[in-house]
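Model the full assembly from the supplied sequences, consistent with the hints where possible.
Protein chains: 2
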Amino acid sequence: LRVALDAMGGDRAPKEIVKGAIEAVREGICEVVLVGRRAEIEPLLKDAPKGVAVQDAPDVIGMEESPLRALKSKPASSIAEAVRLVRDGKAEAVISAGNTGAFVGASIFLLRLLPGVKRPGVAVPFPSDNKAGICIVVDAGTNLACKPVHLLQYGLMGALYYQAAFGVQKPRVGLLNIGAESTKGTEVLRIAYSMLREAKQVNFVGNVEGHDLFRGTCEVAVCDGLVGNAILKVAEGMGEGMLRWLNRALERYLKNGGDEKVKQFVFEELNRLGNYASYGGAPLLGVGGVVVICHGRSGADAIKNACLVAKRLHEGGVNHRIIDGLAKMGFGWWRPSRWMEFFWRGREDERTQKGEDSGDRRLRS
Amino acid sequence: LRVALDAMGGDRAPKEIVKGAIEAVREGICEVVLVGRRAEIEPLLKDAPKGVAVQDAPDVIGMEESPLRALKSKPASSIAEAVRLVRDGKAEAVISAGNTGAFVGASIFLLRLLPGVKRPGVAVPFPSDNKAGICIVVDAGTNLACKPVHLLQYGLMGALYYQAAFGVQKPRVGLLNIGAESTKGTEVLRIAYSMLREAKQVNFVGNVEGHDLFRGTCEVAVCDGLVGNAILKVAEGMGEGMLRWLNRALERYLKNGGDEKVKQFVFEELNRLGNYASYGGAPLLGVGGVVVICHGRSGADAIKNACLVAKRLHEGGVNHRIIDGLAKMGFGWWRPSRWMEFFWRGREDERTQKGEDSGDRRLRS
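The listed protein sequences derive, respectively, from chains C and F.
The first sequence begins at 37 in the working numbering and counts up one residue at a time.
The second sequence begins at 37 in the working numbering and counts up one residue at a time.
Certain hints may be false.
One copy or any two copies: either way a pair holds, since identical chains are not told apart in the list.
[Said to hold, decoys possible] In silico DSSO-like links for lysine-lysine, alpha-carbon gap of 27 angstroms or less:
| id | residue 1 | residue 2 |
| --- | --- | --- |
| 1 | K154 | K220 |
| 2 | K183 | K220 |
| 3 | K291 | K167 |
Honestly, the hints are just simulated from the structure, not real lab data.
Since the structure is predicted, the reported quantities are computational estimates derived from the model, not experimental observations.
Structural data, given as structure tokens:
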């Protein structure tokens, strides 16, 4: 697996990004192509192992720039160049902690959507008390005006990703709503509810509410990008807040002659569960390549773990599965009728396994 | 102040509700009329102080019932009877921890909206690092399809509530969005942004994101009910999750010969900040009376604190201020043109202070 990594993206670029890349290569997760200003990257590569390459990209898109304008005015930005490596088959996955809008835009424009996909969706991990310890929420900010069919597709794509990445056979999919009953919510949510209920490919458990994410009621929660983005940042803010208040409490405890050792126990556990870095990154599901979005504040650890996410996506063949699953639902230009499916299923699987082009020119993972 | 309290609402009714009522009366916060099945309430009132009365209501609406159907089929439910006490002037405020939909419905049908209000909104408190330690979010679940003008009104109503309840002169109002720039979000959010920016009555600080609620960037955050409900429950779930993980960590620490005393320090601080009971309840802003919604799991403490919230709303004259503020913005059937306002302002204020009917038959607080 070769990963194209935007070395200039994020608040702590390029130092932490390069450090994370070197760690990922050392641990044998993948090879990395660092994309960005060669002059800034190479000094950081003194003791780099084999498997770390550099691809020059003169432009850098800032975190606050307007995505579309930046992509147009800076055609050779590190983000666009990194995505281009995947388009041209020189890398299998792309990771960036930079301007999320620009990264999503470049991915959609250059890699296109998988056949059958109506809208791509970002799948962000939340800490949860289910088996794998993770609940993913799709979408977290790319699709603000969701139609019911988008939510249906997010349910399928999220479940296929979860299956491949965390080895759970039938991930439970919930629709994030304001209450458990099927009549709750807006019209879009009610229609999405009935579509998800009818979909045989999705193990739908009905409406879920915000607290269910953490309680392990489901493995995948589906919502529109506005809600997903809001809850992502609220969970982050609440987690930070709790840690701040906990720190305050522990300081008072220590002042009153407390035992220093407690800190180590407490923060070890909470950091593992509440820290985004341990999850690495959020895949953009539905585009024709493996795309992993990192948090703007990502350090070396987060980057390394994002490489792990990319590896899981690649080796799990998530994009193949998405095309297949959507086709079975009747999406995409390749729509098998029942008997067609019956006759062709065997051959199609054979060809896919041999690594041949299964009739889809846009698939690159 | 006399409060009508739905004694049958919530998971821990009627015992905890009655206990909370007795505490509130003992502490001199208010008088309470307990509404519900007399036979179940009176045995709990053995050592009740003066100021606790009982009003019989034979029906009870369950937490899971469909709100509108329940209100129709059970006209004499404890929720409806409690709201009726306010409509008929026998109480100044109403509190319930029962079926939220039914409570909101009964409040709107029986108390009507304040003149000028397009949609009522629930204002829920979040823990925050600003001066008062609280950031309120409007709306948290009554209005799922917000128009820009609703968000504008929520901004004003939220600010007036905050001002009266927490004594902050110019509460900062933010629009909850997916990013800070004015061009972010859906069309509704972009229009709401420009409306809020133009409104002189609102101290608008622009778009805010989820984590800003906890960092103290604003005192009031405005969003539609779908987003508000989701973030409320996610914050709750994240808080619960963090406490669970913290408990786990502390147990491991104690097993390794730790110091028992730390628990007391830690949970004291976190409970004060992260526990909904300490905030009491969420007012329903925009209806013609003081209405406070409690969490379904409310215990005695939460109920007592909800009485405090009702007291603040009543004594702060929040509903008067809302009518006034909206009228200045040009909402409501009472729309003073500039010169009308100039001539009539004095007289209007005089009459209101004397407690006379200021031309508004629907105002009851």
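So which hints don't hold here, by number, going up?
The structure conflicts with no hint, since it agrees with every one listed earlier.
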